[in-house]
Amino acid sequence: MIYFDTHCDTLLHLTSHEVSLAENNLQLDLKRLRGLGQAVQVFAACVSPACSQGDAARRAFVLIDRYWREIERWPGLVAHCNTGSDIERALREGKVAALLSIEGGEALVGDLSALRIYYRLGVRSLCLTHNARNELADGASFSDTGGGLTSLGRSVVDEMNRLGMLIDVSHLAVRGFWDVIEATSQPIIASHSDSRTLCDHVRNLTDSQLLAIRDHGGVVGINYYPLFLNHDGRATLTDIIRHLEYMVALMGVDHVGLGSDFDGIPCWPEDVCDVTDVTKIIEALTRLNYSREDIEKIAGGNFLRLTGTMGVIQS
7 MIYFDTHCDT LLHLTSHEVS LAENNLQLDL KRLRGLGQAV QVFAACVSPA CSQGDAARRA
67 FVLIDRYWRE IERWPGLVAH CNTGSDIERA LREGKVAALL SIEGGEALVG DLSALRIYYR
127 LGVRSLCLTH NARNELADGA SFSDTGGGLT SLGRSVVDEM NRLGMLIDVS HLAVRGFWDV
187 IEATSQPIIA SHSDSRTLCD HVRNLTDSQL LAIRDHGGVV GINYYPLFLN HDGRATLTDI
247 IRHLEYMVAL MGVDHVGLGS DFDGIPCWPE DVCDVTDVTK IIEALTRLNY SREDIEKIAG
307 GNFLRLTGTM GVIQS
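Taking my numbering, the leading residue of the sequence shown gets 7, the next gets one more, and so forth.
Hints are supplied without guarantee of correctness; some may be wrong.
What the hints assert, rightly or not - So the derived label-pair ranges between C-beta atoms look like this:
| id | residue 1 | residue 2 | range |
| --- | --- | --- | --- |
| 1 | Thr212 | Ser191 | 18 to 28 Å |
| 2 | Ile123 | Ser54 | 12 to 22 Å |
| 3 | Thr203 | Glu289 | 22 to 32 Å |
| 4 | Glu99 | Phe67 | 24 to 34 Å |
| 5 | Leu294 | Gly116 | 44 to 54 Å |
Said to hold, decoys possible - Derived lysine to aspartate or glutamate pairs resembling EDC-like cross-links, with alpha carbons at most 16 Å apart:
| id | residue 1 | residue 2 |
| --- | --- | --- |
| 6 | Lys37 | Asp280 |
| 7 | Lys286 | Glu276 |
| 8 | Lys37 | Asp283 |
| 9 | Lys37 | Glu99 |
| 10 | Lys286 | Glu251 |
| 11 | Lys286 | Glu302 |
Think of the hints as simulated: they come from the structure by calculation, not from any bench. For each residue, glycine too, the CB sits at the ideal point set by N, CA and C.
Put together the whole structure using the sequences plus the hints.
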C-alpha cells in the first residue's frame with residue numbers, strides 16, 4: 007500500500023533548528039516514512055504572507071535549498087521526483103518519493119517568470135495563497151472582501167496547466183476558488199483542507215466546493231489540525247475519520263486523500279501525533295469495512311493518479 011501525504015511544513019523546522027530530515031524529533035522524518043512501506047511525501051516551502059516581495063523570494067530559496075541539500079545528503083533514503091515515473095522508480099528502489107511544493111504565491115514576487123524558475127528547481131505544486139492577500143488572489147482570511155484571482159493569478163493558473171503543475175486551492179478565498187474552477191483545464195487539489203459542513207472554519211471547504219473539485223477530477227487531502235476538525239479545537243482520530251467519511255460519501259472514494267499538515271500545526275489530535283500514527287487511519291477504515299481497494303485509494307492511490315500528467319509540459 008502506498009502512503010501519499012500532500013502537505014507537511016517540515017522544511018520550516020529544518021532551516022530554523024538545523025535538524026536532519028533523515029531522523030529527528032519532529033512529526034516526520036525519512037526513517038519513519040520508510041517504516042510505513044512505500045511513501046510519497048510532499049514537502050512545502052511555506053512563505054509567510056508577512057514577507058515583502060524580496061524577502062518572500064529569499065525565503066523560498068532558503069527552504070528550497072535546504073530541501074535539495076537533504077535530498078543530496080540522503081540518496082539511499084529519498085529521491086526527488088518531478089514526474090509520476092520518478093515516483094514509481096523511487097518506490098521500486100525502496101526510497102521515500104519526495105515532491106516539492108510552494109505554499110504562498112508571494113514567492114512569485116509578482117512575476118510569472120518566477121513560476122517557471124521554481125518549476126526548473128523542482129517545484130511541482132503551488133498553493134496560490136496563504137490566508138492573506140497577495141498578487142495572485144485573496145486568501146481565506148479575506149473572503150469577506152470578495153477578491154478573486156487577479157490577472158496575474160489567472161496567468162499563473164494557465165501556466166501551471168501548461169507546465170503540468172498541481173494547482174492547490176487550500177487557503178484560497180471562496181471567490182478565488184471559483185475563479186480557479188472556471189479557469190483551469192486540469193484537475194486541482196486541496197492538499198490540506200477539511201469539511202466546512204462539519205466544522206465551520208474559514209479554511210475549510212463547503213459542499214459545493216468539494217463537489218466542484220470532484221467534478222474536475224481533483225482530490226482533497228484531509229488536514230489533521232484540530233481547529234479544522236472540531237469546533238472546540240480538540241480532536242482525536244475519530245474526528246479525522248468523521249471528515250474523511252463525510253467527504254467519501256459526498257464526493258466518492260476516488261477524490262479523498264491525506265494531507266496531514268504535520269510540522270505546520272501547533273497542536274494535533276491526541277492520538278495522531280506523528281507520521282507513524284497514520285497506520286491508525288488505515289486500521290480504522292478497515293474496521294469500518296472499507297475494501298482494501300478503497301483504502302489504497304485514500305491512503306495514496308488517488309493523489310498518485312494525479313501525478314500521471316505532472317511535469318508533462320503542453321505545447
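- Could you tell me which of the hints above the structure violates, numbers in ascending order? Every hint satisfied by this model.
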